[in-house]
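Novice: Residue numbers (our numbering), protein chains in the order written: chain H, 64 to 455; chain Z, 64 to 455.
Keep in mind that the hints are not guaranteed to be accurate.
Given that identical chains are not distinguished, each listed pair holds provided it fits within a single copy or across any two copies.
[What the hints assert, rightly or not] DMTMM-like mimics (lysine to aspartate or glutamate), calculated; alpha carbons at most 25 Å apart, straight line:
hint, residue 1, residue 2
1, LYS353, ASP287
2, LYS85, GLU152
3, LYS85, ASP287
4, LYS67, GLU217
5, LYS67, GLU218
6, LYS221, GLU138
7, LYS144, GLU207
If you are wondering where the hints come from, they were derived from the structure by calculation, not from laboratory data.
Number of protein chains: 2
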Amino acid sequence: MDYKFSKGVSSLQPSVIREILKTSAGSIPLAAGNPAPDAFPVDDVKKILGDVMQNEPILALQYGISEGYAPLIKELTKLAKERYGAMGEEDALIITNGAQQVMSLVSQCFIDNGDVVLCEEPSFIGALNCFRSFGATLSGVPTESDGINIEALEEKLKTEKNVKFLYTIPNFQNPAGATMSFEKRKAVYELAKKYGIMILEDNPYGDLRVSGEEVPAIKSLDKDGIVIYSGSFSKIVAPGIRVGFVTAAKPVIAKLTCAKQTQDVHTVMLSQLVVYKWLTECDFVAHIEKIKAIYKRKLDLLCDCMDKELKGFLEYNRPEGGLFVWAKVKDGVDMRDFVSKAAAAGVAVVPGNAFLTDMTREYNYIRLNFSTPSDEDIVKGIKILGEVAKSY
Amino acid sequence: MDYKFSKGVSSLQPSVIREILKTSAGSIPLAAGNPAPDAFPVDDVKKILGDVMQNEPILALQYGISEGYAPLIKELTKLAKERYGAMGEEDALIITNGAQQVMSLVSQCFIDNGDVVLCEEPSFIGALNCFRSFGATLSGVPTESDGINIEALEEKLKTEKNVKFLYTIPNFQNPAGATMSFEKRKAVYELAKKYGIMILEDNPYGDLRVSGEEVPAIKSLDKDGIVIYSGSFSKIVAPGIRVGFVTAAKPVIAKLTCAKQTQDVHTVMLSQLVVYKWLTECDFVAHIEKIKAIYKRKLDLLCDCMDKELKGFLEYNRPEGGLFVWAKVKDGVDMRDFVSKAAAAGVAVVPGNAFLTDMTREYNYIRLNFSTPSDEDIVKGIKILGEVAKSY
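All chains, please: the whole structure from these sequences, using the hints.
Specialist: See the structure below:
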């Protein structure tokens, strides 16, 4: 059979990262983006699941409504307003199957084949592949240490046709680690308004700040209903339960809810109940402080090791949070060759070109993760990378 | 802001049924499709969740791979081959976020704006809305008591352009209750092959046969890699955990997996572990026999009540399984008026036009569900419908 796949999907390849993860079992995992297992609130979840199955088993097992479990929506609305500054009076909120589903729902609701999605370059491959799969043409805007280049963004807005939205990760961007300054956030908002496009603000790591000052969400500036804000519990509770949320203007949420019905009817009730009870019955603020300490320790360890073993070979800016360090490989070294040799030596890292709109471009960066490996493996992994580096 | 939604989504409305469910709280629920709460294996799930959180909490909480939990894939592959006759040697299987996600993944992978999807008429609104949302034009083929009309199907295949696939629910079709004969299944397969289209075979109710003989799946005839088969645990374990699966030729599964990555990364690990352990550690065959007895009792009760209270007003064929009875309202009665009066009297049923490709068409049918209401409510609900019927 000569399968006639849709235009967006026919050229789509599996996520490079997820393929690396499947083939690098046994390697030291500096490639993944998994939270540290000791950052999971195992005892809390265990108690909650026991309580739920004891007291509300039918609620947990029966169909729910597409918007999400109403008490959780109420709780998250409070949090989105007060903690994240990501919800106004004209906005609504629904629960999603992780933040990845927000990308997918927004794509389904806004992208027609051939529409343009602007994104930071480099950017999160899971979002880029999602936009591609819905037939979007990606157009990348260079980023700097304080976020997207505003002049380049305006140039794109002037020249590109059919731009539907800008996709941005303002906090500890994946992969580049940069946090967008408040000035740039205001500029981005004004440009989006001026050129009549939406902003999709993805904030999966916002709670994981380990240094520097909080910067208000772009969504906090939204008086015009043009910002869609995506939040996630993957990094602060656990990714395996797949719970995220989205806030946006009510007419947008109405469409996202329709799309949600067509994608999976509703988010798993057990998972929603875990998050609801974790927020209302556990000390989630203390837990976040605890995991921030874990991530600060691991980030510091990675950077210390890099400074010791890879000085002059890898150049990087220390991020203020998140899970990744983005590093430039020394000029004259073939990045893909380095990544292959590292893999052969037992260390998995992600080649930077995976995060580009055109993955075939030459690009001398790699992404290193510090949340997945044990402290021991960070030390060992960077030591091995240092040895591989010496061969150049 | 004048939102520029995608073509498929801009005219999309929320599911009529899910809207009825939201507004009919307190009514007798003959409109839903919820499994009976006493059909949930509550004790099994409770024990499994306790064991999982005791022994494998990190597996349950960490990211999984997009294809699904490998031991569950292995178990379901066995089941798909041996129990459902729905998987050949050239096929693969992945786990989905309920069967609804199979509709969505297939849509994402096959539908470009303007492509045609053929479906039985009437058919499952959740699937139809999904195809619509991806920009498909729906083309309905009339169904009879033994399934789709073959001549009408061939006529459509001759005249419609850009047909991507036929969507069919061969067992206890939702809403019409019909089971497609084996002769028709063979004819449908041959026609699809002849005209070069795919078949999407949706079998959420297959395990719930309460009378008549098993009929092999269309997928069991598939020598050409043209049938995509969708299975679900919503009706035999619980819908709130959202676990389904899909089997298809390996190149198709590869694309569906890419799409799955873009939609939600992977299915909730807790849910996958529940199903895996339920299949391997519990007596799931005995459980299915138990719930079939529940549904047979409730179906018989509904039919007995209808025969007593609504004879001459509602005409129906008793289905051999599933969750629904499809009934024709007496000629000369305005179906929508009857449904409104029933709602006002406290009984929710679904107007039949909700299941049409063109929902504005006049259509004198309603769908009645017997799994959601208690036995008492079935008796009471049908009595009320009988009283409403007398007003005509």
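Novice: Work down the list of hints and note, for each, if the structure agrees.
Specialist: So, going through the hints one by one against the coordinates:
With identical chains, the CA atoms of LYS353 and ASP287 are never at most 25 Å apart, being 37 Å at best within one copy and 55 Å at best between copies. Taking the shortest alpha-carbon separations for LYS85 and GLU152, only the inter-copy value of 23 Å comes in at or below 25 Å, while the best intra-copy value is 44 Å. In this assembly of identical chains, the alpha carbons of LYS85 and ASP287 never lie at most 25 Å apart, being 43 Å within a copy and 29 Å across copies at closest. For the homomeric pair LYS67 and GLU217, the shortest alpha-carbon distance between copies (20 Å) is at most 25 Å, but the shortest distance inside one copy (38 Å) is not.
Taking the shortest Cα distances, LYS67 and GLU218 sit within 25 Å of each other only across copies (22 Å), while inside one copy they are farther apart (37 Å). For the identical chains of this complex, LYS221 and GLU138 are neighbours neither inside a copy (41 Å) nor across copies (54 Å), given an alpha-carbon limit of 25 Å. In the homo-oligomer, the alpha carbons of LYS144 and GLU207 never lie at most 25 Å apart, since the shortest distance is 29 Å inside one protomer and 54 Å across protomers.
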